[in-house]
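For the record, the sequence lines run as chains X and U. Under the numbering used here, think of the first position of the first sequence as 349, with each following residue one higher. Under the numbering used here, think of the first position of the second sequence as -17, with each following residue one higher.
Derived from the structure by calculation, the hints contain no laboratory data. Since the structure is predicted, the reported quantities are computational estimates derived from the model, not experimental observations. Do not rely on the hints blindly, as some may be mistaken.
Claimed, not checked - Quick list of in silico lysine to aspartate or glutamate cross-link-like pairs, EDC-like style, CA-CA up to 16 Å: (1) 31(U) x 356(X); (2) 73(U) x 26(U); (3) 336(U) x 195(U); (4) 376(X) x 58(U); (5) 203(U) x 164(U); (6) 44(U) x 391(X); (7) 80(U) x 373(X); (8) 517(U) x 528(U); (9) 392(U) x 522(U); (10) 181(U) x 328(U); (11) 336(U) x 199(U); (12) 393(X) x 52(U); (13) 394(X) x 52(U); (14) 498(U) x 339(U); (15) 517(U) x 388(U); (16) 203(U) x 160(U); (17) 354(X) x 13(U); (18) 80(U) x 19(U); (19) 203(U) x 388(U); (20) 321(U) x 174(U); (21) 45(U) x 391(X); (22) 69(U) x 356(X); (23) 392(X) x 48(U); (24) 377(X) x 33(U); (25) 376(X) x 33(U); (26) 69(U) x 373(X); (27) 376(X) x 66(U).
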Amino acid sequence: MNNEFKIEKQKYIDSAAQEYSEIMDELKKEQNQVILDFLSEIDKKKLEEIRGKIKGIIENGQPKI
Amino acid sequence: MDSQKFEEIKIQESKPEIMPRKEQQAEGEIDLENIADKKISEGEVELNKLEHGRNNFQEIAKKYDETAGDLYNRFDEKMYSIYERGKGVFKSMAEKIKAIAKANDWNELAEVVGLSKKAESEKAEISEQKEELKEQTSKPEKSEPADKEIKAEAETETTEKSRYREKITNPEALSLVDENSEKFKNELTQFELDIESFKTKITGNLSENFKNEDEMEGEIKKLLYKNASVAGGLMYGFENKRAFRHFNIPNLQEMKTEFKEEYEEKLKEGYTRCLGNKSPDEIKKTMDALDKRLEELKNDEDKEFKRQFELKKNFYFDRHDASLYAIGVKEQDYASFLKNQANLKEIIENIKNKNKDTGKWAEERFNRYFHYNENDFKLVRHRAYYEARRTGKGVFTHVTNPSKVEKIIKDNYLRGSTAFSKGEEYSEMKKAGQTGNIDEFVYFKGNGADFSYGTKIEQGFAVSKKGKDIVFFARLGNDFLVDGMSVAAVNPSRRSEETPSGKYEDGILANEINLKDLYLVVPESEKENYVKILKENNYDEGYIKDNLVVIPEKIIQQAEEEGGRGGIRGNSEVLNKFVNVELKKYAFSKSKNRDKIFATIAGRQRGVGFQKIYKWQQIN
């Protein structure tokens, strides 16, 4: 196998690897976004819970311990 | 065994693995297997990072005590899906690299390189649309840009604003772009005046300025909808469904019900405006052609298709104009729009202070349906440009794996650009490489190795090599437009409800084009074979006569000679010429809409080496 042929092949290997790497970067970003969205949903949920508690206190008075 | 001894043995045992093969090669030689292994190992490390990402997510969930329930499951599923997609991509990459490394001669390499070239061209497609993706995935901003920022942007946008406009070569299209740009400005000015006038009324004495609360609410409602119609309507024909999709309005159906009156009024306005752009003769001719087509469809068994056609007919008139609208809109225009929008928001705040319920109502609607940011505008313009370019006077060709053609004929439908997994966002599809000119039979079912960028390349719709492989479907861009199919044909979308046959697998959404709207282009040597297949599948003589287009053997031979050892190339100039001259001429001669002028046929402006492949695969 001559070197020219090998160089050509190496070029394509590099290109495939590069392409893969770019897709993986995108997927990583996507994962980060999912985590951020998850956190934001948790925030909303907690806020609702707090609101519910406050509403309960307003309507029913302080819970007796 | 003492620990030192153990370590020595361990090192000795692992030596052959550690020593790179390259060192065993003669100096100057390239050890491809070693390089391939290294790349694959590095790829595995990358894949592991995705796994860590999922673990991180689970850790976070634990921290917040959210390790079960709908919320957790929903997000965990997303994380899992991303990881699985990564696995699929890894697998494809590893196989491809191994195949390249193993290729023993130029012929074998040509086989693999064909795939790699395809991969590159797909990559180019992705990078060309990167801006679109970026804009698509951008979340709406929480607050409007400050005036200073708007001004700064307007000042620096000189180059950007002309980017799309300058690509338009058709003078008639160009004048439409400018005309529509002017219209946008006028509407914008009107919107500004409306806002100012309402502002004066709302900040003054309410009982003097409004007859009653209902009148005030009615005016707010109109103003809110105007915000949307100025943004969406002028740029893309708000009455056009695509505008809603492009602007990514959540709760769309709800909005249309709540704002039914305003919506219908706008629909009429848009229709009149679009008809108004044409000469009476032209309107009549187009209407007649559409009515005739409807008449033809009267007895068509496929009621759904007829219904869709009727719907599309209603949306037709603003199609190409709408695209040109978007192209014509400049950044300083939408900067002004955003300023108006900020004023509107301020007004809502004022209302809240004066009339809490009404203010809250308006605020909710504003947040829910009617607010935009600059990315919305950029995205719409970008997509409009794509549409104008892809559906111009050119011939759209859909290159298909020949082994699948028979099935397409049997089904009577060509799946559009893409097929993708239910529940996946458009941006996710793009990342998975599913939004190019994908062979419609490469299904992506999600959550598995199939759901990957590599798979569609391996399925081999890519570049044909032998004469008999040159089989594709084609149609004039104009005709797509007239049937309201332009987007369906060449752009990915999630409009599953608009697929005429509804024949898609559960979980797969796709656009479809009826075969009667397409030319089937085959090499001369395959003609008899395809005539037989068409007859077997009940296509009539008329269809075969008009829609089966033959590539003369001479052309095929020239293309084969031109390609040399690797066979016919995707960028074959011979075939390119055939598509752009012969096929185009034929399609025009058969088209009912050949007298219509549509947008533009701007060429691709990107990296050397890619244009040609796409040139004959997709558009002229």
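Outcome of the hint check:
| no. | hint | in the structure |
| --- | --- | --- |
| 1 | 31(U) x 356(X) | violated, 30 Å |
| 2 | 73(U) x 26(U) | holds, 10 Å |
| 3 | 336(U) x 195(U) | holds, 12 Å |
| 4 | 376(X) x 58(U) | holds, 15 Å |
| 5 | 203(U) x 164(U) | violated, 26 Å |
| 6 | 44(U) x 391(X) | holds, 15 Å |
| 7 | 80(U) x 373(X) | violated, 22 Å |
| 8 | 517(U) x 528(U) | holds, 14 Å |
| 9 | 392(U) x 522(U) | holds, 13 Å |
| 10 | 181(U) x 328(U) | holds, 9 Å |
| 11 | 336(U) x 199(U) | holds, 13 Å |
| 12 | 393(X) x 52(U) | holds, 12 Å |
| 13 | 394(X) x 52(U) | holds, 15 Å |
| 14 | 498(U) x 339(U) | violated, 56 Å |
| 15 | 517(U) x 388(U) | holds, 12 Å |
| 16 | 203(U) x 160(U) | violated, 31 Å |
| 17 | 354(X) x 13(U) | holds, 8 Å |
| 18 | 80(U) x 19(U) | holds, 8 Å |
| 19 | 203(U) x 388(U) | violated, 54 Å |
| 20 | 321(U) x 174(U) | holds, 9 Å |
| 21 | 45(U) x 391(X) | holds, 13 Å |
| 22 | 69(U) x 356(X) | violated, 27 Å |
| 23 | 392(X) x 48(U) | holds, 13 Å |
| 24 | 377(X) x 33(U) | holds, 13 Å |
| 25 | 376(X) x 33(U) | holds, 10 Å |
| 26 | 69(U) x 373(X) | holds, 13 Å |
| 27 | 376(X) x 66(U) | holds, 12 Å |
Comparing the model with each numbered hint stated earlier shows that hints 1, 5, 7, 14, 16, 19 and 22 do not hold.
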